[in-house]
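K.L.:
So the sequence shown is residues 1 to 171, counted in the UniProt record's numbering.
These aren't lab readings, by the way, just hints derived from the structure by calculation. Any given hint could turn out to be false.
Unchecked claim - Pairs of lysine to any residue residues, derived as SDA-like cross-links and limited to a Cα-Cα distance of at most 20 Å, are as follows: (1) Lys155 / Asn74; (2) Lys114 / Gly138; (3) Lys75 / Ser159; (4) Lys95 / Asn121; (5) Lys91 / Asp116; (6) Lys114 / Met53; (7) Lys95 / Ser159; (8) Lys155 / Thr62; (9) Lys162 / Arg149; (10) Lys75 / Gln124.
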Amino acid sequence: MLDILLNLESREPMNYIRIIVLLISLIVLFPYSTNCFSQAMTQEESDAARISMLERALAPETPDALASLFASANKHRNAAVQFMLFSEPLKNKYKDNWPYWVSGTSSPWITSFKIDKSVINKHQWQFQITYQWATADGPFQPSMVQMIRVEPVPKNLSSSQKFWITQLTEQ
C-alpha cells in the first residue's frame, strides 16, 4: 500500500479507491484493535502483566547466559531475578524464603564468582558457581559453591523463559 501512497502521479482510479478503502478500514478497525488497552484491570492483573514483560525482557538466550545472570543476581541479592530463572518445582520450594525478594545477607557479601560448565547431554547443562565472600575485615572463607542444572523450558509450558534451573544445590 505504501507504494501506492508514494506513487500518486499515475492517477489511476484504482489507486485512489485503494487509499480510501485503507483509510476507512483504519478508521473503523482502529478503535477495536486498541480496545485491550482501555479495559479496566485490577492492580494484581497489572502487576502480573508488568512482571511478565520484565521477565521476558531479561530472559537469557543461552544456558551460559542464564548461569551468569543467576550468579550476578545472587551477588546483588536479587531474589526476584533468581526466582524467575527457577523451574516451577524450585519456585514452589523457594517462594516463601524471599518475602521481600532479597536473598543472602548483608555480611558476608559476595565479591566475585567463577562459573564452570559441564555438558550433561544436548538438553542439560550443569554449572558450578563458586562465590568469593568478604566482610568488613576482609576476605571470608570458605567460598560458597552452588551447582545448578539448566534445561530448556518444555515447549508445552507457558513461560517467560527459554531455559530454567531445574536443580540447585549448595555446598
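K.L.:
Each hint needs a verdict: does it hold in this structure or not?
P.N.:
Going down the list of hints, with the structure as the test:
Proposed proximity of Lys155 and Asn74 is contradicted: the alpha carbons are some 27 Å apart, above 20 Å. With a C-alpha separation of about 19 Å, the suggested pairing of Lys114 with Gly138 holds against the 20 Å cut-off. Annotation: proposed proximity of Lys75 to Ser159 is violated, straight-line Cα distance about 25 Å (limit 20 Å). Distance hint between Lys95 and Asn121 is unfulfilled; the C-alpha atoms sit about 29 Å from each other, more than 20 Å.
Only pairs whose Cα atoms come within 20 Å are accepted, and Lys91 paired with Asp116 is rejected, the gap being roughly 24 Å. Pair hint Lys114 plus Met53 does not hold up; C-alpha atoms about 30 Å apart against a cutoff of 20 Å. Of the supplied pair hints, the one linking Lys95 and Ser159 holds, its CA atoms being roughly 17 Å apart against a limit of 20 Å. Annotation: proposed proximity of Lys155 to Thr62 holds, straight-line Cα distance about 16 Å (limit 20 Å).
Between the alpha carbons of Lys162 and Arg149 the distance comes to roughly 14 Å, so the proposed pair stays at or under 20 Å and holds. For a cut-off of 20 Å, the pair hint linking Lys75 to Gln124 is broken: about 24 Å separates their Cα positions.
Going down the numbered hints, you'll see the structure goes against 1, 3, 4, 5, 6, 10, while the others check out.
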